[in-house]
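Undergrad: All chains should be built: construct the whole structure from the sequences, respecting the hints.
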Amino acid sequence: MEQALPDPERPLKPAALEPLGRSDAGLEAGVGEEAEGSREEGSGTDTMTENNFGLKKIEISVSEAEKRTGRNAMNMQETYTAYLIETRSVEHADGQSVLTDSLWRRYSEFELLRNYLLVYYPHIVVPPLPEKRAEFVWHKLSADNMDPDFVERRRIGLENFLLRVASHPILCRDKIFYLFLTQEGNWKETVNETGFQLKADSRLKALNATFRVKNPDKRFTELKHYSDELQSVISHLLRVRARVADRLYGVYKVHGNYGRVFSEWSAIEKEMGDGLQSAGHHMDVYASSIDDILEDEEHYADQLKEYLFYAEALRAVCRKHELMQYDLEMAAQDLASKKQQCEELATGTVRTFSLKGMTTKLFGQETPEQREARIKVLEEQINEGEQQLKSKNLEGREFVKNAWTDIERFKEQKNRDLKEALISYAVMQISMCKKGIQVWTNAKECFSKM
Amino acid sequence: MEGEHRASQACSSQLPSGGAGGESPGGGAPFAGSSGSSTLLQADVLDLDEDEDDLEVFSKDASLMDMNSFSPMMPTSPLSMINQIKFEDEADLKDLFITVDAPESHVTTIETFITYRIITKTSRGEFDSSEFEVRRRYQDFLWLKGKLEEVHPTLIIPPLPEKFIVKGMVDRFNDDFIETRRKALHKFLNRIADHPTLTFNEDFKIFLTAQAWELSSHKKQGPGLLSRMGQTVRAVASSMRGVKNRPDEFMEMNNFIEIFSQKINLIDKISQRIYKEERDYFDEMKEYGPIHILWSDSEEDLVDTLRGVASCIDKCCKATEKRMSGLSEALLPVVHEYVLYSEMLMGVMKRRDQIQAELDSKVEALTYKKGDTDLLTEEIGKLEDKVECANNALKADWERWKLNMQNDIKSAFTDMAEENIHYYEQCLATWESFLTSQTDLHLGEDSEDKL
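From first to last, the protein sequence lines are chains G and A.
Read in full-length UniProt numbering, the first sequence has 82 at position 82, and its numbers run on one by one without any break.
Read in full-length UniProt numbering, the second sequence has 198 at position 198, and its numbers run on one by one without any break.
Worth flagging that the hints you see were computed from the coordinates, not collected in a lab.
Heads up, none of these hints are tricks.
When the alpha-carbon atoms are kept at most 30 angstroms apart in a straight line, the in silico DSS-like pairs for lysine-lysine are as follows:
#1 G:K434 x A:K410
#2 A:K322 x G:K449
#3 A:K315 x G:K419
#4 A:K205 x A:K350
#5 A:K286 x G:K253
TA: The structure is reproduced here in structure tokens:
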């Protein structure tokens, strides 16, 4: 390809990896890592990730795709595509790379990995996977998952995903990720054993929190808003782009008909014959040039799609914050009400409604001893509650801090990547124009010689 | 009849017959043979002083007009038409300039119709004045064409635009339709004016100069509708016989016409389709640019880049529009005219065959001794002349037509290629300048980081 698009150039990008990372990296690891200096997540070939921890550098590539048949969970025959993941370690001294691992994975395993990462790193904007089914398709392009062009683009997308994870300062240390690259068999079981599915927040809980939270950090609210806008505008852009591609295809291909008719016409023309014939040839060239042009544009569309899906990852982080904040608010509210109860019991005033109050009215006052007991229980609970609130507060603040660090990192990455994508789009257009000028200049010459 | 007289004069090989330069009436040959009065005309034409006087009149007008308009859209100045009529007769010998413009709608109790204004400027002696302005409707053009075909059955009469286009036409008073028709009618009259024989046709002159009532009364003089219909029926019957004895060169001609007709029809369809696809592309592009602007509203750091892309897309959009209009002016009308021409040609072949058939039937009659031998011999003599005339006229006109066709087609497609080149050059410049601005910015940012 003439135009160097970031993704295909990426296979040789080294990524940091600590072989014995912790599976439950959690927040503490995040805090530690981030202090070590800035990570540049460059998607272009210019920025390289340097690992300051002195460990081996590795290169990851998804080099092949293969159709397979096998039996699924319900023992039915199915066809799926498997992707070959190759990992190479780069020796410091001579820069030579040695193949250390190679295994096959299918799309569903990638999904499993990502879902795991989402649960264990809720403060990280987790890179998205390429789309499961082809969307924003213009008519000539196949929407079939088995179509070789789609498979090829998906291969590139999966490689991109792995590279993004590998070059993320925190995610790259994850053990499950390491095993994904190195342990073919049994990996699924290992992941499931972490019990991450149980740790996942229920959708219902999250939804509830989103509606009821009173005081979320404003930045997250803005971020949510931004990610909605991003998703909407990129979707719109991709839809229109697909329609434009469709129309452009039509314009080019109809010209191909000239080729055939000119050729037939040239048979009866003495003077004009040669000119017609050769002009017709150029019309054929013009018509067929659109295939490559639009193929390249699909890569551009894929780059935009990645950020379309990133919008959802951003929203996931916001949701987690809302959930934690809501949790905190509920805990604070609970503590406040207990304190109030305690106070009322101590002073004898009943301001708040309580079941105890009601039953007291119905069944008679309690004894001072009973009251003392209750106050003691409440005081214990209040103590506990205050501890919990403190730690929840701390947790919440840590989350916000770490999340926001990753979000800043993400923003820079996004700006770089999108700018590069837009520039590569311009490069594509330029190439298309140059081809057009050439073909039509040739055709014009033929016409003027008729 | 005068028309016939002229035809027989023309056939005494005064029409340049084929070969290169068959186009140019350089030596004034075609003019000379036509009629007594035109010998004088020839002198007029070569008289430079008179030409200059007339040219002065024209250039006064020209200075008021836009000399840059190469397009047949507003050929208000006769001088500007010189550019267009490149391969017809040489410009400096042109003495008849016609424009068709200013369509107007007329409503009567019975019908509504459109008339077109026809302005004629000429230096020819046989015209009473040097300038004429009349209004004609489509029916009048039809009449003229019919008369020309009648008088010159084996000359290639230029085609008229269609009566009406059924497919996709809702309203025959639609602006686009009227404009397309106007341009085609303009072409029609100018082609006649440039034809070495047709230009001196009497009906043509009357068409250009007569007032409405004069034209009406003149029209009524010709053979009636019924007799013309009768001719048609005989014609169909006899043309079949004419095919049998058709000389080789006309077989070749017919073969060419058949294939040409097929191909030009296909090209017409393809070209119309390209126009449609380009228009659809343009419609989608219009929406594409603004989305980037919308996006830039939510991206602080990408505003320049996004707006840059949006502006490039919009500029390319405009360039597409220009390409479309170029196509519809340079290519589509030319190709379509030749579609109509191919129909005309088939009619000409038929008429030639008919004339031959008349001769053949008389010869047959003589062979089988049906009827008065002397009378038949005399008739055959006349018919032989007639056939020879018709064949020569057609041969000469055919060569002229082919040359014109080649030039017109070459011109039209060269223009189309030029439009496309220009379109891509414009788009290239737009995107390249965007790219430069982006990489300049990028370099600027880099050096800032290093500081």
